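Asker: The lines below spell out each chain.
There are 2 protein chains.
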Amino acid sequence: MDIKSYMRTLGQQARAASRHMMGAETGAKNDALHAIADALHQRRAMVLDANQADLKAGIDSGLEAALLDRLELNDARIDAMIDGLQQVAALPDPVGAISELDYRPSGIQVGKMRVPLGVIGIIYESRPNVTVDAASLCLKSGNATILRGGKEAVYSNQAIADCIRTGLAAAGLPEQTVQVVDTTDREAVGQMITMPEYIDVIVPRGGKGLIERISADARVPVIKHLDGNCHVYIDDKADLQKAHSIALNAKTHRYGVCNAMETLLVAESVAAAALPALAEAYANAGVELRGCEKTAALIECNGASGDDWVTEYLAPILAIKVVTGLDEAIAHINRYSSQHTETIVTEDIGSSRRFLREVDSSSVMVNASTRFADGFEYGLGAEIGISTDKIHARGPVGLEGLTSQKWIVLGDGHIRN
Amino acid sequence: MDIKSYMRTLGQQARAASRHMMGAETGAKNDALHAIADALHQRRAMVLDANQADLKAGIDSGLEAALLDRLELNDARIDAMIDGLQQVAALPDPVGAISELDYRPSGIQVGKMRVPLGVIGIIYESRPNVTVDAASLCLKSGNATILRGGKEAVYSNQAIADCIRTGLAAAGLPEQTVQVVDTTDREAVGQMITMPEYIDVIVPRGGKGLIERISADARVPVIKHLDGNCHVYIDDKADLQKAHSIALNAKTHRYGVCNAMETLLVAESVAAAALPALAEAYANAGVELRGCEKTAALIECNGASGDDWVTEYLAPILAIKVVTGLDEAIAHINRYSSQHTETIVTEDIGSSRRFLREVDSSSVMVNASTRFADGFEYGLGAEIGISTDKIHARGPVGLEGLTSQKWIVLGDGHIRN
Chain A
3 MDIKSYMRTL GQQARAASRH MMGAETGAKN DALHAIADAL HQRRAMVLDA NQADLKAGID
63 SGLEAALLDR LELNDARIDA MIDGLQQVAA LPDPVGAISE LDYRPSGIQV GKMRVPLGVI
123 GIIYESRPNV TVDAASLCLK SGNATILRGG KEAVYSNQAI ADCIRTGLAA AGLPEQTVQV
183 VDTTDREAVG QMITMPEYID VIVPRGGKGL IERISADARV PVIKHLDGNC HVYIDDKADL
243 QKAHSIALNA KTHRYGVCNA METLLVAESV AAAALPALAE AYANAGVELR GCEKTAALIE
303 CNGASGDDWV TEYLAPILAI KVVTGLDEAI AHINRYSSQH TETIVTEDIG SSRRFLREVD
363 SSSVMVNAST RFADGFEYGL GAEIGISTDK IHARGPVGLE GLTSQKWIVL GDGHIRN
Chain B
3 MDIKSYMRTL GQQARAASRH MMGAETGAKN DALHAIADAL HQRRAMVLDA NQADLKAGID
63 SGLEAALLDR LELNDARIDA MIDGLQQVAA LPDPVGAISE LDYRPSGIQV GKMRVPLGVI
123 GIIYESRPNV TVDAASLCLK SGNATILRGG KEAVYSNQAI ADCIRTGLAA AGLPEQTVQV
183 VDTTDREAVG QMITMPEYID VIVPRGGKGL IERISADARV PVIKHLDGNC HVYIDDKADL
243 QKAHSIALNA KTHRYGVCNA METLLVAESV AAAALPALAE AYANAGVELR GCEKTAALIE
303 CNGASGDDWV TEYLAPILAI KVVTGLDEAI AHINRYSSQH TETIVTEDIG SSRRFLREVD
363 SSSVMVNAST RFADGFEYGL GAEIGISTDK IHARGPVGLE GLTSQKWIVL GDGHIRN
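Quick note, the sequences are listed as chains A and B, same order. Note that the first sequence covers residues 3 to 419 in the numbering used here. Note that the second sequence covers residues 3 to 419 in the numbering used here.
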């Protein structure tokens, strides 16, 4: 197969479909989402058979257990995909919304209209449910999509793609609105990220290595998520009970997630009061502590090295640093954090105002666990990912992050003098 | 000079200044803008002397007249820079604005806060006024800036930079909030566009060649403006008098600007009624016409080739095509336009609704001249450029386009269960 011409054909077809989707009515898009859900339900056996083929190939090639688990589909997971489709259908359609339409001194009206981005390329690893989740968000936001899943899930993804095409056709929308790349050749990714004429934005989902490689080589804008090195800062003026439960929740609620706390900062004046009880709770939860010297003077812990301030452990490990106060906390976060999510625990309005304004991260919180940084918790309904970029979409990216705004101007024969 | 370490030092200093500027109060930023204006006024002679040195070097090296004109400063142009600074000071400060702060079912409040992008790199050609315009917009939006102007303007830019530093210092803001690159070595640009750790976004201003080179090599997001291949479509249902004045204004008001019309599309049913009078008016204005076959059957014109549909003439030349109606007009625009600005002339609500929704350009207009696509006309107060990108900022980019939004979360000890 000539990968380059194959990918360019997908690109051309996606561009043509996206032109149609720009003007597609909300009703038709919702019909398609429901029809895809129906197709998944009716052809459940076919999808599960395809998944069995992937699992068998995965076992034969010695795939590790965690990857096999991500790859596996079962009735519950197909039901979850169907629920997801119905939830996306129920979300408000952002496309076409006109805002700030004001008269200007010249007599023209100027406003903004929310519009799809066009064609979105999604590159992801082995979870087949991403195929449905990503396709549904892109469809609802009026975009065409080219999906490139992991090679381990190729049969599952093709079976799901078949259900998606069925649903699109049933709603009278172009089948090529959602296309799944039908080759496991890695060159397909290289092509995808260098076709700005056909693809408007790339959303990679997967490990940091994958995302860094894609960002380095892409000639198309990338909405990316790198690390989640998240912080909780316990301020001088913290309520220590709130501090205790937030610091515990942010670390121990789930370990392998990007919005888990990785470094705890504690103001010097409350460290002796706050840390011992926390250390005991962390010990009970089996969390390894790595503290600065001042921390080590207060609780039992391993010594923290410079690396600990920049590491996303995704594991029951926590770095702890005692800081002089708010200034040092903000400076530490702005220097070492991955600009994902940070929390201050304080009862002081002034400290919270400064923390909210001066911490340069995609989510900044007061008296709440970092674990809330999530599209569902924020009311986006669903998310395609969490962006650690600063331009376009920051933080959890839902339907609105898959759109842009164009200017609209209304006149009645107006010319410029 | 070791360009790499020099540029990295500028980058580090800019990053440090940007941390300070994130929390800078509106009053301090406005004070700085006024103080820069004062410094330019008081040190006018020094700036004009420096400019004379640039002009002399330009004449000696055989710079063409148009470039010398762009390079030249005089009292009127310095007054215009001072006015510009005062206008930017008078604009509302977008930074810190909190929107959509709503309670979620979990009890947390979730909203968005508008924040500076951080450090903005501006790469431009020989106009020294860009130094002040770009610096003032970046400063007001709370960003630090690294400015790299054309080598022809190096003395002028350093003199202006000196006034900017004076103004920043007078307002108690870091002088390194605005830094002008002090070398004409081209390697400085190569460094600027590959320091994502210090520069958050690059805004190139200049010819298409410069912008394409920068975009191809950048490892930092680029807000770019490529061509303005703008269209006016005269619909079946157009008021032909409005069509006449809009089509004339869009082409002849100014030729060398990106929002001038380059191709006129006319619905077949009104072509015979509209084109002869327009052809006469264009002939009087000295505009060369290049028409499709159907156009050539109605008026005197040269033949249009495929190239004419994609060319930004920036000159008294106009391509004309007769189309069957709205569908062909939208398809032609979405295929050939540079996604800058397009207008429909029509009295029909249905046609205008479809055109507004389905034309994929940064500005889409009804019954108004394309010449209105401009930051001042849109009420942005000033613009750093017009973006033909689809992500982040589209169309005229003012203060808001130099900012992003982060999520803020307010709780009272809330944890996730």
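Please note that a few of the clues may not be correct.
If several chains are the same, the list does not tell them apart, and a pair holds so long as it fits within one copy or across any two.
[As the list claims (entries may be wrong)] No farther apart than 27 Å at their CA atoms in a straight line, the calculated lysine-lysine pairs in the BS3-like style are these:
1) K239 with K114
2) K58 with K244
3) K114 with K244
4) K58 with K114
To be clear, the hints were calculated from the coordinates, so they are not data collected in a lab. Remember, predicted model here, so these are calculated numbers, not experimental data.
Asker: All the hints need checking, so say for each whether the structure fits it.
Answerer: Comparing the hints with the structure gives:
In this homomeric assembly, K239 and K114 come within 27 Å of each other (Cα to Cα) only across copies, at 25 Å, whereas the closest approach inside a single copy is 43 Å. When the C-alpha separation of K58 and K244 is checked against a cutoff of 27 Å, the pair qualifies neither within a copy, at 49 Å, nor between copies, at 69 Å. Proximity of K114 and K244 under a CA criterion of 27 Å is satisfied inter-copy only: 24 Å between copies versus 43 Å inside one chain copy. For the identical chains of this complex, K58 and K114 are neighbours neither inside a copy (51 Å) nor across copies (46 Å), given an alpha-carbon limit of 27 Å.
When the structure is compared with the earlier hints, violations turn up for hints 2 and 4 and for no others.
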